[in-house]
Amino acid sequence: MIEFTIDTQLAALFTSAAFIVIGLFAAIFLDNIIKKIIGIAFIEEGANLFIVTLGYKQGGIVPIFLPGMNAEWFAANSAYPLPHALVLTSIVIGASTLAVMLAIAMVLYRKYGSLSTAVILGDKKPDIIKSGVIDSNEKGDKNE
Amino acid sequence: MIEIVVMVVAVLGCILTIMQRDLLKAAILTGITGACVAFLFQFLLASDVALTQAVVGAAIVPVFLALAVYKTQRMDDQ
Chain A
6 MIEFTIDTQL AALFTSAAFI VIGLFAAIFL DNIIKKIIGI AFIEEGANLF
56 IVTLGYKQGG IVPIFLPGMN AEWFAANSAY PLPHALVLTS IVIGASTLAV
106 MLAIAMVLYR KYGSLSTAVI LGDKKPDIIK SGVIDSNEKG DKNE
Chain B
-8 MIEIVVMVVA VLGCILTIMQ RDLLKAAILT GITGACVAFL FQFLLASDVA
42 LTQAVVGAAI VPVFLALAVY KTQRMDDQ
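In the order they appear, the protein sequences are chains A and B. Each number in our numbering comes from the position in the first sequence (counting from 1) with 5 added on. Going by our numbering, the residue at position 24 of the second sequence is 15; the numbering climbs one at a time, nothing skipped.
DMTMM-like, lysine to aspartate or glutamate: derived pairs with alpha carbons at most 20 Å apart: (1) B/LYS16 to A/ASP36; (2) B/LYS62 to B/ASP13; (3) A/LYS129 to B/ASP67; (4) A/LYS62 to B/ASP39; (5) A/LYS129 to B/ASP68; (6) A/LYS62 to B/GLU(-6); (7) B/LYS62 to A/ASP36; (8) A/LYS116 to B/ASP67; (9) A/LYS116 to B/ASP68.
Taking CB as the label site, the calculated pair distances span: (10) B/LYS62 to A/LEU91: 31 to 41 Å; (11) A/LEU71 to B/MET10: 44 to 54 Å; (12) B/MET66 to A/LEU18: 28 to 38 Å; (13) B/ALA50 to A/GLY65: 22 to 32 Å; (14) A/ILE66 to B/LYS62: 42 to 52 Å; (15) A/ALA80 to B/ASP13: 45 to 55 Å; (16) A/ASP128 to B/VAL46: 37 to 47 Å; (17) A/LEU15 to B/MET66: 38 to 48 Å; (18) A/MET74 to B/ASP68: 58 to 68 Å; (19) A/PRO86 to B/ILE19: 30 to 40 Å; (20) A/LEU71 to B/ILE6: 37 to 47 Å; (21) A/ASN75 to B/LYS16: 49 to 59 Å.
Everything labelled a hint here was simulated from the structure, so no lab data went into it. Bear in mind that the values here come from a model prediction, so they are computed numbers and not experimental data. No residue lacks a Cβ here, since even glycine has one placed at the ideal position from N, Cα and C.
Chain A extracted, bound-state conformation (with noise of 0.2 Å):
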């Protein structure tokens, strides 16, 4: 049998790096604005995997002190727990900054009806124009 192992350490950095680069051309490319704020949560979830990849033992074990333990040995075997903590309180916020990202893109439906960045941003038409979500001050076009 074939012997091939792969560092676990590396391949954690290499899926952060893809979560990062996936996340941005999706919120550098893509036209619709909640795929945007998808690509902005990829960033957030690979920069969390890579902070916790950096406190990665090779062979070590969860840093819990359990009674028994030699506490020299848990120093030298447990996985640096500094970074866990951290990554906590980041995912808890980047919930909640995915949350409002997404009552800004509700709001802005409301008052452009689409989600294109295009029409947002006035460079092209909507194609459908449904009476009622577009807002009456708008520069108008009601004529046609």
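With chain A held as given, fit chain B onto it using these hints.
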């Protein structure tokens, strides 16, 4: 070796999410990616972060996205 599989599934879920035209499908695939990242935190010896990510990434974020899709429009009109 199973963590490599979880990483590949997470990245594939990421790619499939931004390829969808149906935004509700995109929200559900975001949940798959969040669950895979939670497993990955467990494999990276961060159990407490894995618990929080499993709740937030696999349940709360897709529900927020699905609520936003329900309040706006479902299809991405390119």
